[in-house]
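Chain by chain, the residues run as shown.
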Amino acid sequence: MNCTKFRKIMYLREDELGPDEWKEFRRHHSTCLTCAAEYRKVERMEQALTRLKNRNPHPLNPVAVADAIIDEIELVKPWNESASIYDILVQWLDLPKVRGALASVLTFICASFLIEYTYGYVHIKGLETSITTYSSMQSSVPAPFLTQADASGVVSDLSKFVTGKRSFFEVSGNWVMINKKSIEDIILLLNQLQSIAPQLPPEFRAAHPQLWKLLTKKKDAKELDALLKEQTSLIRELNDLIPQERRIP
Amino acid sequence: MEQYQGYAFAVAFRVLCDEEEAKDVVQESFIRIWSSLSRYNREVKFTTWMYSIVTHLCYDKLRTRKKKGTTALDAVDPSFLASVVAEDNPELLYSNKELAGAIKMLTDKLPPKQKVVFVLRDLQGLSVREVSSILRLSENSVKANLVYARRFLREHLIPIISD
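In order, the protein sequences belong to chains V and A.
Counting along the first sequence from 1, when you hit position 231 you're at 231 in the numbering used here, and nothing is skipped either side.
Going from the second sequence to the numbering used here is simple: count from 1 and add 249.
Take these hints with a grain of salt, some might be off.
Stated by the list, open to error - Looking from chain V toward chain A, a few residues come up when the C-beta cut is under 8 angstroms (computed): (1) LEU12; (2) ARG44; (3) GLY100.
Stated by the list, open to error - Reference listing, derived: stretches of chain A covered by chain V, where coverage requires no fewer than 3 residues with Cβ under 8 angstroms from a Cβ of chain V: (4) 356 to 362; (5) 392 to 404.
Don't read these hints as lab results, they were simulated from the structure.
The model shown is predicted, which means the values in this text are computed figures rather than measured ones.
Glycine residues also receive a C-beta, built at the ideal position from the N, C-alpha and C atoms.
Just chain V, with the same shape it has in the complex (with noise of 0.2 angstroms):
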């Protein structure tokens, strides 16, 4: 190290300096009796700094500050005028008051939704299980929902039921279970009516005169199931045909 370099990095601390560049210092310090001079002045000053910084001016009053400060903080407004529409909605979002109210919302907004979703499922699983048990039942075990009332509209969508397309029906605007059991007998003997419709006396075509229509007249599944709507008479002549144990109560 010259006596240049040394004179430009005098003013740096040891810990200021790299250790090499320290050590090169402390070298060329004990072989260059005007830099070693020059170094003592330097040292003075560090000393008399030292002293200077010990000298702590006197601490402000904390309470007058803390004072000033909070009536500066209440003249401050929570936005500013020229903020712009976001920065004040953001602000605004910020407050304490708000964020709670929206907390409360989405909160009772989640737990309605969980409510109403929990209650759905419990109630639609209660229905497919009811769905499945009466469907294992024996035949013998009559069907709980059906009434002369009821009858026509269950029987317009037996079609639909019996070939998987429904699983319950809406009855008097409650949900009812069916003995799909009972509703099968009841194709199967139409079925066989239908068959045997030729040869039956016209006694029958006399006493069932909407029975004897549905038997002998080739319609499709809607037009038949439009006709089927409208004529609840013709469950009150089912009844009559099916046996004993398993008529509609």
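Since the structure of chain V is already known, use the hints to place chain A on it.
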């Protein structure tokens, strides 16, 4: 709070050499800290962040003062500065005004950046890394400013303390 106020006041006082201006800067700094707390990066030490706010406010004031050509204090007797830096008794108390006068006499001719670097490093005792973080300068730049400031101070201080 009191502790941080003390730190903030000491820096502002040493940079500005004026008690009233330093008080104003401390108040303004704490209002800024309050209003921008949400932007505070917790990876940075709170004191570093606080020093950064205080120092930048002081720096702005120094530059304004420089432009207007105003000074905060009247001229100080050099012998008084000599007694402040020569006296080794720490129990010897000086008023804020006396202390401000001594620091001002020593550092008033320094450019604002060198003055701030010198105060933070040599009078406040922060490390070079902390100073570089507070002033957003490289460490080499901080060291360069320190060299210029100390060289200048040596030239002014040595004749005074040698008398």
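(request) If any of the earlier hints don't hold here, list their numbers in rising order. (result) 3, 4
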